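Chemist: With the sequences and hints as input, model every part of the structure.
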Amino acid sequence: MLEIDPLLNNLEAGLRQLIEERQLKQPLMIGIHSGGVWVAEAMHQRLNISEPLGLLDISFYRDDFSQIGVHPNVKPSQLPNSIEGRDIILIDDVFYTGRTIRAALNEIFDYGRPNRVVLGVLIERDGKQIPVAPDCAGERLTLSAQQRIKLTGPQPLKIHIETATRHD
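According to UniProt numbering, the sequence shown is numbered sequentially starting from 1.
Source of the hints: derived by calculation from the structure; they are not laboratory data. Please read all numbers here as calculations on a predicted model, not as lab measurements. Watch out, some of these pointers could steer you wrong.
Here are the computed lysine-lysine pairs in the DSSO-like style, where the Cα-Cα straight-line distance is at most 27 Å [unchecked claim]:
1. Lys-150 with Lys-128
2. Lys-128 with Lys-25
3. Lys-128 with Lys-158
Cβ-Cβ distance ranges computed for the label pairs, FRET-style [unchecked claim]:
4. Gly-112 with Thr-165: 20 to 28 Å
5. Gln-17 with Arg-113: 32 to 40 Å
6. Glu-51 with Lys-75: 31 to 39 Å
7. Pro-52 with Ser-144: 37 to 45 Å
Every residue gets a Cβ at the ideal spot worked out from N, C-alpha and C, and that includes glycine.
Modeler: Here's what the structure looks like:
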């Protein structure tokens, strides 16, 4: 199990630096359901962001939707009616292939054209399949193809690395 507090501290420090460097004005923070929302809740509070936290469920925007079907726990996204010209901080728990972020960006752009989108993730792991990358991460890991990262929460928030067992 990885310690969560150092990861959250690193992500917070990275986001603070990006907010200052890029001069984000009244950013809207959006968490991707469900683990990204848990991380975003912590970052929203730590960074003292005044705007309400936005929630994004990208289930219908996934490129594998036709293969996996509707997940029984699909929740509606909760975003302002328009995000036109807004600075967005998009938060997810784990960045792996980039496909989740592609889906999230598609949904965000359906609400309007933001000024910019900054991506923060708790963990970035190897395995990128799409030319998208986080702006900051709490930790960067190299894992084997049999390993996956599992975030549980929201209280307490914990993160584990699991290894799949082969069944021959």
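Chemist: Now, for every hint given, state plainly whether the structure supports it.
Modeler: Here is how each hint holds up against the structure:
no.: 1; hint: Lys-150 with Lys-128; result: 18 Å, holds
no.: 2; hint: Lys-128 with Lys-25; result: 30 Å, violated
no.: 3; hint: Lys-128 with Lys-158; result: 24 Å, holds
no.: 4; hint: Gly-112 with Thr-165: 20 to 28 Å; result: 46 Å, violated
no.: 5; hint: Gln-17 with Arg-113: 32 to 40 Å; result: 25 Å, violated
no.: 6; hint: Glu-51 with Lys-75: 31 to 39 Å; result: 20 Å, violated
no.: 7; hint: Pro-52 with Ser-144: 37 to 45 Å; result: 40 Å, holds
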